[in-house]
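Given chain A, put chain B in place with the hints provided.
Number of protein chains: 2
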Amino acid sequence: MNLILLFHDDFLAETRVRLTGRRLEHVLTVHRAALGDELTVGVEGGRVGRGRVVRIDGDALEMEVALDRDPPAPLPLVLVLALPRPKVMNRVIAGVASLGVKRVFLINAWRVEKSYWSSPRLRGLREQTILGLEQAKDTVLPSIELRRLFRPFVEDELPTIARGTRALVAHPGAAEECPRDLREPATLAIGPEGGFIAEEIASLERIGFTPVSLGPRVLRVETAVAAIIGRLF
Amino acid sequence: MNLILLFHDDFLAETRVRLTGRRLEHVLTVHRAALGDELTVGVEGGRVGRGRVVRIDGDALEMEVALDRDPPAPLPLVLVLALPRPKVMNRVIAGVASLGVKRVFLINAWRVEKSYWSSPRLRGLREQTILGLEQAKDTVLPSIELRRLFRPFVEDELPTIARGTRALVAHPGAAEECPRDLREPATLAIGPEGGFIAEEIASLERIGFTPVSLGPRVLRVETAVAAIIGRLF
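From first to last, the protein sequence lines are chains A and B. So for the first sequence, our numbering puts the first residue at 110; every next one is plus one. So for the second sequence, our numbering puts the first residue at 110; every next one is plus one.
None of these hints come from the bench; they were simulated from the model. C-beta atoms are modelled at their ideal positions from N, C-alpha and C, and glycine is treated no differently. One should not assume that every hint holds.
Quick list of the computed label-pair ranges, beta carbon to beta carbon [unchecked claim]:
{"no.": "1", "chain 1": "A", "residue 1": "D118", "chain 2": "B", "residue 2": "P261", "range": "47 to 55 Å"}
{"no.": "2", "chain 1": "A", "residue 1": "L250", "chain 2": "B", "residue 2": "D290", "range": "29 to 37 Å"}
{"no.": "3", "chain 1": "A", "residue 1": "L250", "chain 2": "B", "residue 2": "V163", "range": "51 to 59 Å"}
{"no.": "4", "chain 1": "A", "residue 1": "L258", "chain 2": "B", "residue 2": "A169", "range": "37 to 45 Å"}
{"no.": "5", "chain 1": "A", "residue 1": "K196", "chain 2": "B", "residue 2": "A143", "range": "23 to 31 Å"}
With the rest of the complex left out, here is chain A:
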């Protein structure tokens, strides 16, 4: 936790906050905060600054906060991700949030197992985005939207979402290399383990997506997302 993310409900007064629960425990056991210590804080959707610990009691800790700078710039990227396996979901989402992606669609695809859609992990996505922001010292929560039907999403919604952006789909074996150092917004689609099937790639190409390759290596989704984002921006 490199930044303590504060929410509206934490504020007792304009510059006074009260931490409880997970954040309190982390601050006491990992940061070992004592009276007078200063910690990096940020307000959800807002600015970043310092919080000085002014009170510690059994179930809460209070800080006086001074917010004096903006959070890191968001990535100009919409990520369209085939729903990952539940086992990797948490770290994919926390990783994506830490990288600064602000809009994510988790979509169905032929090779997404149906059971993934009933994973309880899908109810904990917001918590994972908070962990990612705390890691990266960011305050702006990404939106994460679920789309259980591939074709209606790609045909009816995605053209509008991707309009005016560089639209790419990561596809091992694509003839074109993944571009570098984009100076424009992008929409990036990443398939499931085993990749999108040919029909799905064709659907994406029809609405203007270019299949691009990262080379012959097949990477796990969390590694691929970070490597592609590192390359694009």
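Structure of chain B alone, referenced to chain A:
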């Protein structure tokens, strides 16, 4: 497992292999391999090709293999990584192997907790590199060396290791931006959670390392490694 990695001991004859244990189980339960099926295989340190299943019995499966191509090119990168927390060790190492890094030093640093060096995970690193190679369809195992003393390593060994390469240390807050699309070999040092301390950065600078920044976001080590590699190569 996008490639089944074969070892010398698996060969019954020049083109005939016998799988047992973890790989057998994976091939039977995940690939659901049947007689006559073809699977992607590769020989440790050698070529890649196809294996045709010619026999399945209770405790083993046999394949006839034909190896006809080289594995993906290695990354021209030596990675010097502060020993990660045991909890993330496995996926850091598997990720690094999947990205094609062939030489890794896990080193001590001020902010590496001493207890990390007695983690049982350190005895399972080879297994994790195999999982990374199977993911990325590679066959060449990286070497992973442990160095428990920072200064002797940096002062006595690292200058030779880094000679003739672009030597970089990832350092949040560095004035210089991390370069892109290197056309030369590199040596990349990445610190522990919380970063290298100033004295460590100074030691690395003295032997020719340049501190470079990836921007204001602090990333988890596995995310940072992939993002930097995606950017460099």
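Evaluated hints:
1. Restraint check, D118 (chain A) to P261 (chain B): a C-beta distance of roughly 52 Å satisfies the suggested window 47 to 55 Å.
2. Here the CB-CB span from L250 (chain A) to D290 (chain B) is close to 32 Å, well matched to the stated 29 to 37 Å.
3. Under the hint 51 to 59 Å, the C-beta atoms of L250 (chain A) and V163 (chain B), about 54 Å apart, fit the expected range.
4. A hinted range of 37 to 45 Å holds for the C-beta pair L258 (chain A) and A169 (chain B), which are about 43 Å apart.
5. Hint check: K196 (chain A) to A143 (chain B), Cβ distance near 26 Å, so the stated range 23 to 31 Å holds.
Of the hints listed earlier, there is not a single one the structure fails to meet.
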